[in-house]
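Trainee: Chain residues, written in single-letter form:
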Amino acid sequence: MKESILWLFQIVTGILIFVLLGLHISAQHLGTFGSFPDLSSFAYKTLLFVALYHGLFGLRSVLLEINLGRGAEKAISWLLFLGGLVFFIYYGIMA
Amino acid sequence: MAKKARPNRIGVKGWWTGGKYGVEKKAYFLHRLTGLIIVFYLIAHIIHQGPWIAWWELIVVLAFIYHAMNGIRLIITELGFGVGRPTLPSFPYVPESLVKTRPLFWILMAFSAIYIVLAIVGFAKGG
Chain S
1 MKESILWLFQ
11 IVTGILIFVL
21 LGLHISAQHL
31 GTFGSFPDLS
41 SFAYKTLLFV
51 ALYHGLFGLR
61 SVLLEINLGR
71 GAEKAISWLL
81 FLGGLVFFIY
91 YGIMA
Chain X
1 MAKKARPNRI
11 GVKGWWTGGK
21 YGVEKKAYFL
31 HRLTGLIIVF
41 YLIAHIIHQG
51 PWIAWWELIV
61 VLAFIYHAMN
71 GIRLIITELG
81 FGVGRPTLPS
91 FPYVPESLVK
101 TRPLFWILMA
111 FSAIYIVLAI
121 VGFAKGG
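These protein sequence lines map, in sequence, to chains S and X. Numbering-wise, the working numbering puts 77 at position 77 of the first sequence, and it's gapless, one number per residue. Numbering-wise, the working numbering puts 40 at position 40 of the second sequence, and it's gapless, one number per residue.
It is possible that part of the hints are untrue.
Unchecked claim - Far from chain X by the CB rule (all over 10 angstroms, computed), these chain S residues:
1) 5
2) 9
3) 23
4) 37
5) 38
6) 42
7) 59
8) 62
9) 66
10) 77
11) 79
12) 81
Unchecked claim - Derived lysine-lysine pairs resembling DSS-like cross-links, with alpha carbons at most 30 angstroms apart:
13) S:74 - S:45
14) X:100 - X:13
15) S:74 - X:13
16) X:25 - S:2
17) X:100 - X:20
18) X:13 - S:2
It should be emphasised that the hints constitute simulated quantities derived from the structure, not laboratory data. Think of the CB as a built atom: it goes at the ideal place given N, C-alpha and C, for glycine as much as any other residue.
Go ahead and model the full structure; you've got the sequences and the hints to work with.
Mentor: Structure follows, in structure tokens:
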């Protein structure tokens, strides 16, 4: 997929995480300032998906910047993509 | 060992030292550092959802607050808002786009500081 599209996803997922994780953390840790409802099951799975994408794409950006060579870069990209996919299926869909 | 296609002479050190940049360079370094903290926590948090050591969770929350606030600045700047019109380079070559977006940087850092104080107070009260 084109890098520009992947980067656009990075921006969109960043905005989604800001909203969803903000709500999740508020519900978990800011109880002393009032009552915050936690995420629904669907919102939680959405958060899991976008957080995995954003986090793993960010990690990929960091790793690719070290300039490890074309082969290693491709291996890292596939490893992170498949790792993220397995994580989401196992902990998001099957759980 | 095969020669690297694109040598990166400064390497990871360049996150902090590379180039004569302003406060944005330090913001970039912190963005990267907090991003790595969050991503490693995320993986561990998905696998093990039970209670964590409180101070470690606090560090991750603080990292998230900074990362989110600086991320908002990056998105706004990336989309071209507030960077001004392109101008001819003239001595002493001050990067105008950075100068024009700097107030936004400090506003978001102020918000970041407020949220960080709230989070620390929340944790101190046992939240």
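Trainee: It remains to establish, for every hint, whether it holds in the given structure.
Mentor: Results of checking the hints against the structure:
{"no.": "1", "hint": "5", "in the structure": "holds, 15 angstroms"}
{"no.": "2", "hint": "9", "in the structure": "holds, 13 angstroms"}
{"no.": "3", "hint": "23", "in the structure": "holds, 12 angstroms"}
{"no.": "4", "hint": "37", "in the structure": "holds, 16 angstroms"}
{"no.": "5", "hint": "38", "in the structure": "holds, 13 angstroms"}
{"no.": "6", "hint": "42", "in the structure": "holds, 17 angstroms"}
{"no.": "7", "hint": "59", "in the structure": "violated, 5 angstroms"}
{"no.": "8", "hint": "62", "in the structure": "violated, 6 angstroms"}
{"no.": "9", "hint": "66", "in the structure": "violated, 6 angstroms"}
{"no.": "10", "hint": "77", "in the structure": "holds, 16 angstroms"}
{"no.": "11", "hint": "79", "in the structure": "holds, 13 angstroms"}
{"no.": "12", "hint": "81", "in the structure": "holds, 15 angstroms"}
{"no.": "13", "hint": "S:74 - S:45", "in the structure": "holds, 28 angstroms"}
{"no.": "14", "hint": "X:100 - X:13", "in the structure": "holds, 28 angstroms"}
{"no.": "15", "hint": "S:74 - X:13", "in the structure": "holds, 24 angstroms"}
{"no.": "16", "hint": "X:25 - S:2", "in the structure": "holds, 27 angstroms"}
{"no.": "17", "hint": "X:100 - X:20", "in the structure": "holds, 18 angstroms"}
{"no.": "18", "hint": "X:13 - S:2", "in the structure": "holds, 29 angstroms"}
Hints 7, 8 and 9, counting from the list given before, are not met by this structure.
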